[in-house]
Amino acid sequence: MIQAVHLPESPEAAAVHSARGGWIMGGGTVVMPLVNSGAAIRNELVSLRRAGLAGIEVRDGVARIGAAAPLSSVKEHPGLGFLRPALRTIASPTIRNLATVGGNLFVAQPYGDLAVCLLALGATCEITGPGGRREAPVADVLASGVAEGEFVTAVVAALPEPGTWYYHKAMRRRLNSASIVTVASVTHTADGVVTSTRTALGGVAPRPVRAVSAERLMRGRPLSPEVLTEAGQAARADTAPFDDAYASAWYRSRVLPVHLRRAFIG
Amino acid sequence: MPSQIVSLVVNGEPREFIARPGTTLLTILRESLGLTAAKRGCAQGSCGTCTVLVDDRPATACLVAVETVADHSVRTLEGVASDGNLDEVQSSFVDNFATQCGFCTAGMIMVAEALLDRDPDPSEEDVIEAISGNVCRCTGYRPIVIAILDAARRRREAGVEPGRPAEEAVSR
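From first to last, the protein sequence lines are chains E and S. My numbering numbers the first residue of the first sequence as 1 and each following residue consecutively. My numbering numbers the first residue of the second sequence as 1 and each following residue consecutively.
I should point out that these hints are in silico values taken from the structure, not numbers from a laboratory. Being a predicted model, the structure only gives us computed values, none of them experimental. Mixed in with the good hints there might be a few duds.
[To be verified] Incomplete in silico selection of chain E near chain S, CB under 10 Å: (1) Ala19; (2) Gly21; (3) Met25; (4) Val31; (5) Ile41; (6) Arg50; (7) Thr94; (8) Arg96; (9) Asn176; (10) His188; (11) Gly192; (12) Val194.
Ideal Cβ placement from N, Cα and C applies to all residues, glycine included.
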């Protein structure tokens, strides 16, 4: 039974409630189903809706996105057009009006496709907590969360250069479906040869993961079907696939190379 | 924290009610305000049958703790018809046999209202995406898509001005 819903008007005020054990809530798309079913793990909620964390700034090639920005705001922002196809694969427009960027970092796979994108972008999280503010790579937050009483207030990422952004999501339906395999990547090429790549996978492990084995195989080689097939098979080493209602672990692992290839060359 | 008085602007009218902490907007609409068009389906945000407009944007009322939208505007199916006359979306649903059992209808109409307020001439693909969060278990999606496109045409022909664009997202 929920005893209180706090609506702090600043991140500092939210930190006070969070430090006292309040459960941070963005849009409520993860927390409220648990409240509705009586499975909430805390009895006080801290909504970030009025904490001034919904702004999005894109300036000098860098995006700073407030943790409480709804996914629909990210999708509609003129400076973030490269993310629009990815946002379109996440839930429905109705849920995107509620679900937030910060919340997306903490949902269990096979959800959290924006987090996969942020991992590929090498984003940084701004975090507020009892000890004040700090920054951490999104990879660290995805791998090990934040400390007790802390919460993410914003994510910061450099925009990818034109022609370097790749995204592909395999799902059961064309719209509003969870991930079977999600691939997001920032990959630079020169004369057709990969000079650098940061490639992230969703749907194939409990949390979004970097496909470091695939990255290693791609560097210095062309984005050809042969190289990508090899890289996709190698990427299995970076994954820990699971069974769920959408797909079996076997299936996810089986189709991973195909979708990695499709992310780059269709 | 005890129950508290919360205010909302519902279908243009200021309303006040008493809410226990964490009560959903859906529960308040149905049980405190007697507005039962929004249906209680999955209570997880998956079926869309409780969809209402919060600040002109579709939101699943089952996922909204009502305190978090205090003083915001909420539009429900009850606020769509005026002077007892169905609007273009409602009459198009009737004429195109897009209602079937009716359980999803209120949510479908509210996402259609929001879509047509923002985009008076949506493509079929736009309509399909707009209703992608709303489940119809009569599996009658085709008539619903046709009805929404037909409603858009009716509105354009009647010269209905697009509604106020939803500049502020729900979370503001």
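Against the structure shown, which of the earlier numbered hints fail to hold, in ascending order?
Those not satisfied are hints 1, 2, 5, 10, 11 and 12.
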